Amino acid sequence: MTGEAAAFSVEGLTVRYGVRTVLDGISFEVPRGSVFALLGRNGAGKSSLVRCALGLQKPAHGAVRLFGENAWVSRCWAMARVGVVPEEPDAPSDMTAGELLAFCAPLYAKWDDAAARARLERSDVPLRTPFGRLSKGQKGAVMLALALAPAPEILVLDDPTLGLDIVARRALYDELIGDLADRGTTALVTTHDLDGIEPIADRVAILNGARLVVNAQLDELKGRFRRIRCGKAPGPFSWEPFDVATAVEKDWGREAIVTNFTDARLDAFVARTGSSDVEVGALSLEEIFLGVVNAPGGQS
Amino acid sequence: MSAVLAIARREVRERRFLLAAAATLSLLAWILQGFVTPAWTRGLGESLALVLFMAFPTAVALAVGSSLIGRDLALGRLSFYFSRPLSSAALWAGKFLGGAALVLGTFFCCVIPFVLSTGGIAREAAAGWSVLLLGLMAFAHVTTAMYRSGSWLFALDLGLGALFVTVFGAQLRHLVSAGAGRLLFEFGQFQPFGGVLGAAAILATAGMLAAAAAQLAHGRADAHRGHVALSTVVWTLALAGFGGLALWSTWVLRVTPADVGGVGHPPFAAPRGRALFFKGSGRGRAGFSPIFLMNGQSGSYVRLPPERVTPPAFAVDGSMAVWVAPAATWWEAFNPNPVAAFGIGVELLAVPDSARADPWYPELTLMVARLDRGGPVIEERPIELLDAVSIALAVDAHGEQALLSGRSSVFLVDAASGKLLAGLALSDVAAADFLADGSVRLYRLETRPRATFVVLDWNAKDGSQIERARVPGEGRMMLLARRGDLAVVSTGVREKAIVDAASGAVRSFDSGFSGAALVLSTGQVALSLDDEVRVVARGGETVASLPVGSGTRVYALCEPAPGELAVGLWTRSLAGRRTIFLDATTGVVRREEEDLLPAGSGHAGTGPSPEAGSLASRLFTDSDGRLIALEPDGRRREIVTSAE
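Protein chains in written order, with our numbering: chain A, 13 to 312; chain B, 387 to 1030.
Simulated from the structure, these hints should not be mistaken for laboratory data. Keep in mind it's a predicted model, so treat the numbers as computed, not measured. The C-beta atom is built at its ideal place from N, Cα and C for all residues, glycine as well. No incorrect hints appear here.
Here are some of the chain B residues that sit facing chain A, going by a computed Cβ distance under 7 Å:
1. S388
2. A392
3. E400
4. G462
5. R463
6. S465
7. F466
8. F468
9. S469
10. R470
11. P471
12. S473
13. R606
14. A607
Chain B extracted, bound-state conformation (with noise of 0.2 Å):
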């Protein structure tokens, strides 16, 4: 030990004034920032700690690390050590062991003032680029001791690094195309470098080592013996290591839904049919869950990117879906998740105007499912660049046209080919719905100049609009539930309406905090009220009501079969997760479902209410998240483990 120690003090002692220099500037810097005057010097002092930080320790590391062994060797000074009664095992140790020393004193000099001028870092973020500076000064020494070595296998190893390179990229590529680039920055506890990249480079940086250590023992004072050792072990870890990623990749990307255990988010479900987007919960594999289109009734399934799939809009008759899918690029992996549909608004999606002329910004494309033919097929239609947070609104009876909205404009787009057939420059669309004469029911939420709802029928073919209800509200407006000509809007907070697009007819009510809402199939709207939920006629007669008790919150309402209401209560407590059935003419309570709530819809309002009995108004989750159905012979049936 003695040894090393002695070695290592040597090392540092060597370069000592690297050291010196970090803790000079480091002082001046503070000065700057706090000492003297005018007031522009602490602008200077503050760059001058941002550049000592970010660059200084990192010149330190690539220095220290081309020298620490490389330079003896090239020098012939490697021989005085193996000349002494000192192991390989020591000589390395002490050589980085003096390197580390240095690097991570230079490095704390340089975080001082850093510190001093941004108020701190993170515990982890400065062990993290201490493993990094670690990790540089380890790739300097392999890559000056295979050149200096002069041999023509470096050479061979520039080949071999520009293959691994090549290689690794694609991989990681493949991982972020797939929806798993969160992964490069979130596996685990330890960030930011708990992710693949994080444990990519604490393992580069402990195989560097490995091969230093290799080259010490078996090449000695030899250099090409040295860069035979070294370049035999560097390849064959980093070929070990490229194929323990892509095997785990494969891994984590074929994920199943029953990996996933439950569902994270609410599920987009086809109001007819049997089809259903649904996300899982973090668990699935490394915490990697894509988003699954599957068929409720058999199992099958594809795996989507989270990061490519937007709210979709499906079919009338929900044998077709449709969303807008952007393109995934590394950015996404750098910011997880900024367009998925499961957890974010729309309205988060800013992209400046600029993305339009910008050539690299990534084209939409229209992703198109057939979900008529057992298994989910998908196709993809590239469009314009229409607007950068277009999704899909409607798609008409026939699966022929699809109508997109962007921030400012509304789109017709054909289904087939992608192409642009119209468009109308209108913003705040939530919602649409195809009508049977090809005209198209627009559902806006305005918000300037004041929170209005509108209901407007747009005519592509001729132009034409024509507004058929309008209702102001106060602060944020949401639209509740629609079916037919009925929609239920949140006016304000104390105020729901309901909205018949037909007579423009207005009907209010006082409601609690609760925002859920159904239009029943047969025309008569469910409302949670402050301490009820009543059921009222078109014309907004009650017809029946269920008391709910002070502290219960209405979660959501389904229709599990025509005439039959399910309310989903809960508490703050989340103890008291049950579902009442009751009949929706009479109230009668029929039955009660003890920790099951009803799924809800991640299209809430702007989706149309399901249709009586489908798959989708007989979803529920219960506290495990597990998605389930509810047969109409009351048995449960979880959909996830029934996946092919």
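Just chain A, with the same shape it has in the complex (with noise of 0.2 Å):
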């Protein structure tokens, strides 16, 4: 196998359905280790990500890399060492959470059958229930579960909260965060939960228009995304030298969120504006992500 710099990269991936275009030459690195957060709208394109990762689609152009191998070649080699949480849990539905363990115990080389059961106990998930028959709740910690048990370096999780009530998804994330702690375990996460992905995801990209129009570390982005609030002053008025993903003009001042904030930046619009009362907020992710999809052509 080729060098393995990246546990996971994309090249210039495009993926189309017909005639549109759901991916349009998408390329990024996930580090090894790293949480990876992947966000965007519905039809933003992550799952379809997701599957061309799994190499259980071939895209159009380019290549998702698991280890520096394509995944579409490379699939029954490199899934030995993925785990994967499918959006829809897909077992089959006749077998028990025991039998699933089973099936699929015999298929990797590492398997901790323990590990698992004790995960299963914790999610209080019966072992001798039909899938079909488990709560949504049960059935994501048994993809969980299923995912975790070959210490897979590398976890693939589409949209797994998905349908969660908040109890099972805090029970979800601390099991993911306990394991991820333990190992080292690279992670591509893609959701709509922000809040729960931000206090674990080291690295955040959004899908937007078919494009990737954010890839930085999450630190980063906070650092760079920025509210700032200034009061009213006569005559022309800009925000320059800061790129404005949303502003808005209010009774008692006005607010942007800006996409590029620094300090020296800051100084430069204070000297130029002459404003007094400018305030600088922080943003959550959810917050940023509604920036950049809100923003102006929808990228920043």
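Take the two lone chains and join them into the complex the hints point to.
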């Protein structure tokens, strides 16, 4: 196998469904040991990217590489080192959790059956109930247990909290955090649960309009994206030198979300506008996401 | 391998209720057959066993095939497998191994009560049925995978499927109408699925399984992409299969006399001229031999479908032959060669009277072959359904009228138009000759109320009938030979009689089992008796005799030159095949030809004895079945290798 600097890389990935282009030349890398949050609105192409990453779907152009190898070509080899929690639990509905563990165990070189059973026990998943009769949260717990049992080097979670109540969501993230902390697993997570992923994500990418519009470390992102408020001043006004994602004018003054905040730019802005009541605030990941997707052209 | 078995086990486990149902119903059928009173339950049990055997495994094959992959794909569950370190090949193998185990398992359960009620099932039939069930499973997978993809390609698949069925059916019909219908079922040793259809079923099953493998390898969890791969493989293989079948059919049907090697049955040779009908040995091409109508001198020939040839009648000068051809039907493909002239007696060709009222019953055709124009030229004349089992008995000297015989009537038909000219209600007419005055001489072998041989002249113009001779017999009578007014008939196990239709005189002779006889061109008659071949004058006086050793039998007699009698002799061991040529008036042996026997004639006694020196009188076969003409200078000329 080739060098494995990045556990997971996407190279010029283009996915089309008929004439509709869902992903248009996407490229990025996921460093080893990082938790990579892939965000986007519904239909942005997150699940298509995940399917390509798992070798389930052949892209129109480009490739996803797992451990340096084309995921479509080397799917079988790569899947031995990858754990997957799909958007919709896809295990056969007639098999019990115990049977699923027994079915999957021989397929992997490493399989921690005890840990998987302990994880299911913590999630109150009965081992003898058919998968189709489990609750949504229990199904998610089973899929996570199956994904983590072979001690994967990459964990792919495609909107794992979809449809889960807050307790199940918390339980899933707790399991995830614990496992990631223990093993340093690389994780690719697509989700709409931005509050949930924010504490554990190292890096964030945002898909919008078939393109990757953000790809940065979360800390860096939070440093760049800021809310700036200032009072109204007579005469013409602009937010230069900031790049503005969204801007509003209110009774008390003006507010903008900027995407290239630095202290130097703030000093330049204050000096240029002469404003004395400039207020700078941090943004949550959700606010950053909204700022990005609502920005003119949807890009930052 | 463990992954394959794990998947297979899962498939079986998911549908284990099918096995349980099959076992339960089989047990019920078995109990009903043997352990429960009253007696009517036995019939119920046998019926249940039959229905179970015929229907249950079929339904299981269709149900399993349609759900093996298609259901997982439709429910989005196939990604579960592809998200594991499982190869497409392992998934395919596991899925279909599990499916096959289910199908064959239910078949095994269902076949047990059927075997108990019928006494057994042939191993070949069980194997063939198993292949058919696996084919149904694969077919169900292919069709449901196409349908469940939800793609517009399914409409294209339906169109291509209809087109394929049409052209495949047309190709099979082409084989059947050319007389090679039996190859659909009998090609090869492995019957009943050893024929073309059996091979096609096996190849189609393999092809559909290969298509499923391509679907998983190229489509994985992508239904549309999988559909494209599946359809591409299916229709590519279908096209290749059809092309192969078409090429193979063309090769088989273009069989030449040289391919068949030798004759498989006594040929029908014209009493004058050079024409002969013969059917090759089973070698042929893929075991197929048509009937060849050949000019024995030039070697030119035409191929005739065996199912469309019944015993022909020749014009006196050999310039024309007619026969009645039933239309080839699909039924004949299932019951090969039911009306062939070679090897089956006409009496076996019974067709119920209801066939007359059946609009689907094929019309008969009068086939007219012109033999005086170099290569044979064949014309067809539609004729009314006179009698479903009619055969041609005679053609008049001008080739204008043909006499046909049915089971209960004889018919005079216009050879040019096929129109019925006259009919006479008369059964058991075995042979006929047109006489110089336009009337017809009929030779009857009556069986009821007792065996009797009758010679009768019928004038179709005025309807008059004149009985010329009547000879009572014992048991089965046979017309052995005839020429002019003389006829030789076997009247029982140990007696032959020479019948003179002109005078009504009958001369009887004690006879051995052998039934060879010949009316010579000199008006004398050669008869095989117990331990000799005797030549007698019209009045019965002995002219010459050839002793035949014990253990030796007379196979056939012929007159290769005027006044020369050829006696074909053979032994039970077939080691002593030879023909002795002698002077018919003195009995002096002229020469002996080893390994040759007179080819005889498919006509036996129903056709007139060939003219002395004609090709028919010089036809022989050797121990390899090769057809050989013995030229007047003694040279042997192989007929089939001279074919053009």
